[in-house]
Amino acid sequence: MFKPKNYLALGAVVLVAVALLSLPTRATSRLKLAVSSWFLPLFGLAGAGQQLPADLADSLLPRRELLHQLDVLRRENQQLRSQAVQSTAIARENDQLHALLNWKQTVQWKLKPANVVMRDPANWWRTVQIDLGSRDGIQTNQPVLTADGLVGRISSVSYLNSQVVLIGDHDCRVSVLIDNSTHDVGVLTASGPLDASFVQLSYLPSMANLKAGQNVFTSGLGGVFPKGIPVGKIVDMQTIEYGLATEARVKLNANLGALEQVCVLIQ
Amino acid sequence: MNLFKTILILSFAFLTVFGETVLGAPRYFLGAQVDLLPALMVYAALNADIVTIALLAVLGGVWFDSLSANPLGISIVPLMVAGFAMYVRRDLILRQSPFAQFMLGAAASAVVPGLTVLFLLNGGKQPLIGWGSLWQWLVMTGAGALATPLIFSLGEWCGGALGYKLRTEVSFRPDREIQRGRK
Chain A
1 MFKPKNYLAL GAVVLVAVAL LSLPTRATSR LKLAVSSWFL PLFGLAGAGQ
51 QLPADLADSL LPRRELLHQL DVLRRENQQL RSQAVQSTAI ARENDQLHAL
101 LNWKQTVQWK LKPANVVMRD PANWWRTVQI DLGSRDGIQT NQPVLTADGL
151 VGRISSVSYL NSQVVLIGDH DCRVSVLIDN STHDVGVLTA SGPLDASFVQ
201 LSYLPSMANL KAGQNVFTSG LGGVFPKGIP VGKIVDMQTI EYGLATEARV
251 KLNANLGALE QVCVLIQ
Chain B
268 MNLFKTILIL SFAFLTVFGE TVLGAPRYFL GAQVDLLPAL MVYAALNADI
318 VTIALLAVLG GVWFDSLSAN PLGISIVPLM VAGFAMYVRR DLILRQSPFA
368 QFMLGAAASA VVPGLTVLFL LNGGKQPLIG WGSLWQWLVM TGAGALATPL
418 IFSLGEWCGG ALGYKLRTEV SFRPDREIQR GRK
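Residue numbers (my numbering), protein chains in the order written: chain A, 1 to 267; chain B, 268 to 450.
Since the hints were derived computationally from the structure, they do not count as laboratory data. Be a bit skeptical, because a hint or two may be false.
Stated by the list, open to error - Heads up, simulated DSS-like pairs for lysine-lysine below, C-alpha to C-alpha not over 25 Å straight-line: (1) A:3 x B:392; (2) A:5 x B:392; (3) A:251 x A:211.
To be verified - Simulated DEER-style distance windows between Cβ atoms: (4) B:271 x A:38: 18 to 26 Å; (5) A:37 x B:391: 54 to 62 Å; (6) A:244 x B:405: 32 to 40 Å; (7) A:50 x B:393: 55 to 63 Å; (8) A:136 x B:405: 35 to 43 Å; (9) A:241 x B:318: 34 to 42 Å.
On a predicted model such as this, the values are computed, not experimentally measured, just so you know. The beta carbon of each residue, even a glycine, is placed where N, CA and C say it ideally should be.
All chains, full assembly: derive it from the sequences and hints.
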């Protein structure tokens, strides 16, 4: 049973683990990015594999269906154009009113679309990786969202990829504003490990005027997330700490369990 | 050292880690991502040498951690502990029995995530843990248990299809055949 070679191997492995764990954060993140880049060819292959059925389906789609879709898209395009004209007029009017009041100009959002290439293999973290990196101008702490609402923030960046920590993880706390008469402010904290679509809203005042269905937006406090990004809706609430504070559950607008395309907000 | 077996095990570990990041079906249907590295470690512990086990623990752990938000190196020791415990007792284990493989797979798949979370908490990290984690742990244990006999079958098949075959000595020799009757 006792062979020195076996225990030597065990000792060597433990030493390697301890050495890796005691590396400085900067060196660890570089090493992580270097190792994860070994998987890039496989990610490319998987992406091509996922695209193949869609391409096949496109080539098999009958002409009649295509014409129908074209018709629907044309109508939608017309509607969107008229909406765009209206919004341009509203934006112009808004700018004029801002100028009259000498109000600070709001910075326009610039969005960069990205594909989600992988999810965290561990069950105890809520992160994904996207195919935009430092070469695309991505930096840490930039907000990530979908058309439905906020998703998370960039936590680390490599040359080609970036890691996004999602809402519901301990590392992604968001200050939010509730769309009610008192404009209560709270902080979205970690959620349970199973259902990613619900998160906990904490640090609410005890007299918060909460109702199910109220919309939740980013408050702009904290400096990471700009004000006004939709986050979700209040589902239910309860008083805690013997009535001194209130907690609520928020259903997120974005479906974090099925993220495929996201946008990085570059201000 | 059988280099072919080592390469086979490490290649499978690489693909396993990649598959866990890309395939979302288990997470979608079961609420947890399954981890097949402990099951692979059981196969390595019962069929390969200590160097292969050490390499699998180090490389598998580093690959897993590099694609995860885990601190780099945190998964190495749990994998090695599971593999080493089986390796030193492998002469006493009925490694050909699917039931033994199933039970060992379940044990390894339960121990590895448990130890990893313990190390994370000990290191001051805040992993997402709640009552739902018990379900995730059960799913990981069950999936690892089911996968282990399959990995053994796959390993044997790959060994037979791609490796050198052992020259088997048959007991029958024509020159020793007892001739019955009279010529």
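Checked hints:
| no. | hint | in the structure |
| --- | --- | --- |
| 1 | A:3 x B:392 | violated (36 Å) |
| 2 | A:5 x B:392 | violated (34 Å) |
| 3 | A:251 x A:211 | holds (13 Å) |
| 4 | B:271 x A:38: 18 to 26 Å | holds (21 Å) |
| 5 | A:37 x B:391: 54 to 62 Å | violated (28 Å) |
| 6 | A:244 x B:405: 32 to 40 Å | holds (37 Å) |
| 7 | A:50 x B:393: 55 to 63 Å | violated (33 Å) |
| 8 | A:136 x B:405: 35 to 43 Å | holds (41 Å) |
| 9 | A:241 x B:318: 34 to 42 Å | violated (56 Å) |
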